[in-house]
Amino acid sequence: MEVTSNQFKQEASKALRNPVLQKALGHIEEGFVEARNQAARRLPEFEQMRDRARDIKAHAIDNLGFYLSQFEDQVIAQGGQVHWAADAQEAREIVAAICLDQGARNIAKSKSMVTEEIELGPYLEAKGLASVETDLGEYIIQLRDEKPSHIIAPIIHLSKEQVSDTFYEHHQKHGYFDKLTERSALVKQARSVLRKSFMNADVGITGANFLVAETGSVVLVTNEGNGDLVTTIPDTHIVVTGIEKVVPTMDDCHTLLRVLVRSATGQDTTSYVSFFTGAKRPGDAAGPSNFHVVLVDNGRSDMVGGVNHDMLRCIRCGACLNHCPVYANIGGHAYGSVYPGPMGAVLTPQLAGVEQAIDLPNASTFCGKCEEVCPVRIPLPSLMRHWREEEFARHLTPKPMRFGLGMWSWLGRQPALYRVVLSMVQRVLGLFAKRGWVKHLPMGTSWTLYRDMKAPKGGSFQQQWRRR
Amino acid sequence: MTSRQSILSKLPAKATPPAWSSQRLVPAFVQQDQAQLVALFCEKVMLSQATIETVASVNEVPARVAALFPNAEIVVSDVLNNLPWSQVALQRVGLDLAKDGIIAVTDCFAGVAETGTLVLLSGRDRDSRLNFVSQTHIVIVEASSIVGPYEDVWQMLRDATISIPRAVNFVTGPSRTADIEQTIELGAHGPGEVHVIIVDAFEHQP
Chain A
1 MEVTSNQFKQ EASKALRNPV LQKALGHIEE GFVEARNQAA RRLPEFEQMR
51 DRARDIKAHA IDNLGFYLSQ FEDQVIAQGG QVHWAADAQE AREIVAAICL
101 DQGARNIAKS KSMVTEEIEL GPYLEAKGLA SVETDLGEYI IQLRDEKPSH
151 IIAPIIHLSK EQVSDTFYEH HQKHGYFDKL TERSALVKQA RSVLRKSFMN
201 ADVGITGANF LVAETGSVVL VTNEGNGDLV TTIPDTHIVV TGIEKVVPTM
251 DDCHTLLRVL VRSATGQDTT SYVSFFTGAK RPGDAAGPSN FHVVLVDNGR
301 SDMVGGVNHD MLRCIRCGAC LNHCPVYANI GGHAYGSVYP GPMGAVLTPQ
351 LAGVEQAIDL PNASTFCGKC EEVCPVRIPL PSLMRHWREE EFARHLTPKP
401 MRFGLGMWSW LGRQPALYRV VLSMVQRVLG LFAKRGWVKH LPMGTSWTLY
451 RDMKAPKGGS FQQQWRRR
Chain B
1 MTSRQSILSK LPAKATPPAW SSQRLVPAFV QQDQAQLVAL FCEKVMLSQA
51 TIETVASVNE VPARVAALFP NAEIVVSDVL NNLPWSQVAL QRVGLDLAKD
101 GIIAVTDCFA GVAETGTLVL LSGRDRDSRL NFVSQTHIVI VEASSIVGPY
151 EDVWQMLRDA TISIPRAVNF VTGPSRTADI EQTIELGAHG PGEVHVIIVD
201 AFEHQP
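The listed protein sequences derive, respectively, from chains A and B. Under the working numbering, the first residue of the first sequence is numbered 1, with each subsequent residue one higher. Under the working numbering, the first residue of the second sequence is numbered 1, with each subsequent residue one higher.
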C-alpha cells in the first residue's frame, strides 16, 4: 500500500490553516456524531448488539479458514467464481484479466475501500481499462484526481462551491454549461451524467460489506443505489473484498448491519442493503451472467494471532474517524493513507510498514472516544500504544523525542528530584500565565499556536493529596 | 503453492466446523402481533420518506396507479401482468435504460416492520433493474407478508422452499446521498420517490 504518511506533521499543519477544510469539517459534529448518538438512543438493545457484533466477528476471525472455504463452496454452487489474491498486485492482475477476458470497454465501479487500498483504478487505466466511479463522492474525487478523505464520506473535505467548480469544469463535454449553486441541482446533474456510465457498462466492480458463509452471499450497503445499478445492468460483476469480511450466517449479518449503519451514518438502515448470491439464474429477467469474488489478503492473514488481531473485526463504519478530535480538526488527507483516523493509525503501519507511518499512532490524545463508539469494540488506543512501543523499540522515534522520553522515564524513577523539578516547572509556567491561561511559551509554540493551556494552580496532585 | 493454499495455511480452523450458535438478537419493539406489525411497518415507511396507501384487493392497484399518475407511461414488472392494466388510463411501456423519469410498478416478497423495508427478489418475471433505474418506484406489499425483524425474511424464504435468488434487495425509502456537505438529497441514482401500496389480499406468485 502506497502511503505518504511520513509527511503527516506538515500536512496536519497545512490542514489546520486551511479555512475551506476547517469549515467543511464542521459538518462532522451534526452530520455524524449527533446522528449516531440519536440512532444509538433509539435502539434500546444497541449496546447488547455491539457485544454480539464483537463476538460474531471474533468468532469468524478465529475460524476464518473454515468460513472462507464454506463461502467459496457456496459461491461456486451458485454459479460464481472465487479468486484468492495474496497481495495487491495479484488482486489487480486478477481483476484486469477478468475485464480483458470479457472484452470490457466500459467499467462502472461502486465505492470500495479495498479497491482504493490496492489502487485498482490507476492500474486498470494503465491497461487501457478506464473505470468510472459512480458513488457521488468517489466520482467527484475521480474528477478532481484526489483521494478520499473519509472511509464513508469521501468528499467530506470539500465545500458545495468546490463541487460546483468541478462539475462546471468537467461536465461541459456532457452539454452542461451552467454553474450550479444548489446541492439538489448538483446531485441531479451527476445522476444524469452517470446514467450513461451505468447503461453502457459491461463490467461492474464493487466491494462488499459482508460475506455470508452459509449462503455464499455478498452484502452491499449503500444509500445512492449506484451499487445496485453496477451489479444489475452489466453482464459481469466483480466483487473485490478483504478476507476478514466473512460472517457465519444471515442472522449474524443482520446483527452486524444494525450496528454498522447506526455507527456509520446514524440511520436505522441505509436505503439499500443488497444480498448478491452467484450469477444470473437460467431464465432470470436481468443480472450478470458472470459473478466473480476476489478475496484479497494483502497483509490481513499476518494479523491473525498477532498484536493487531482485534483490528480484523473492523467493519469500516468510520465512527472512530468522526469522533476523533484529531481527525475532526485535520481531516483525512493529512494521514497520507486511504485509512485515516484511529482505525487508520492502527491499520496503516500494519499494511504499509511501521517505518512508513511513524506519526499516525502518535496522532492521538488517547481520549478513548474511538474505543467508546467502535461498534465491534476494538481497543484502538491499546493498539495505537502498541505501535508507539514498537517504534521506540525499533529506534524509529525522532532523536529529540527519544531523548525526552528517556529523561522523563529516568526522572519518574527519582521521586524526590521529580517533585523538585515539577514544582519548578509549575512556577515557570505560572510566569507565562495571563488571567489563568498560558497563551504563549517560548519553547512550546507548536503547542500554544493552536491551543491555550490552563495555568497550573494549587500545587501538584501529590501536594494536594498530602494536604487532605 | 497457489495463493489460495498459502492464505488458508496461515488461517486457523481450516476444516473442522466450528461450534457456533447464531442466537437471534432482535429488537423488542418488533415482537408484536400481525396487526401491530402492519401498523408499525406503515409508520416506518413514512419515516423513510416513502409514501403509503392501502387497498383491499390487488385488482385495485392499476386504478390507484392511474389516479396517482393519470395517462402516464409506466413500466410494470412481468409478475404483475395479470392485473387489469388495460381497464385504466395508463400506457404500459418496456424498459428503456436511457430514459430517466421512469415510473415502475413491482411486487415485493416481504415487508420488514423494523425499518419499513421492502424486500425485492430477482427472478424470471422480476427484472431487478426496475427497482433502481426508475424515478418513481411503486411497490405492492401483501399485508400478510409483513414481518417484524429482517431475520424473518430468510425464514420465510426457507419456509416457502425458495432457493436464494441471485439478488435480494432490501429497500428502505428513496435513494439518497449526503456526500455534499453531509446534507441529505433524495434521488441520487435510484428512485427519488417510493410509493408503497399495501394489499389486504394478494395472490402471491413465488
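Just so you know, the hints here were simulated from the structure itself, not pulled from any lab data. This structure is a prediction, so every number in the text was calculated from the model and none was measured. Where hints are given, some of them may not hold.
The list that follows gives simulated cross-link-like pairs (lysine to any residue, SDA-like), each with its CA atoms no further than 25 Å apart [unchecked claim]: (1) Lys99/B - His59/A; (2) Lys99/B - Gln172/A; (3) Lys10/B - His59/A; (4) Lys439/A - Arg466/A; (5) Lys454/A - Arg466/A; (6) Lys369/A - Lys399/A; (7) Lys173/A - Lys99/B; (8) Lys147/A - Leu95/B; (9) Lys188/A - Pro12/B; (10) Lys196/A - Ala28/B; (11) Lys188/A - Lys99/B; (12) Lys10/B - Asp55/A; (13) Lys147/A - Ile184/B; (14) Lys196/A - Lys99/B; (15) Lys160/A - Gly94/B; (16) Lys99/B - Gly404/A; (17) Lys99/B - Val132/A; (18) Lys399/A - Thr448/A; (19) Lys99/B - Arg105/A; (20) Lys179/A - Arg92/B; (21) Lys160/A - Pro84/B; (22) Lys196/A - Leu95/B; (23) Lys10/B - Asp62/A; (24) Lys10/B - Ala185/A.
Stretch by stretch, here's where chain B covers chain A in the computed footprint (C-beta under 8 Å, at least three residues) [claimed, not checked]: (25) 244-252; (26) 412-420.
Beta carbons are placed, not taken as given, at the ideal position from N, Cα and C, and that holds for glycine.
Hints the structure fails to honour: 1, 4, 6, 8, 9, 10, 15, 16, 20, 21, 24, 26
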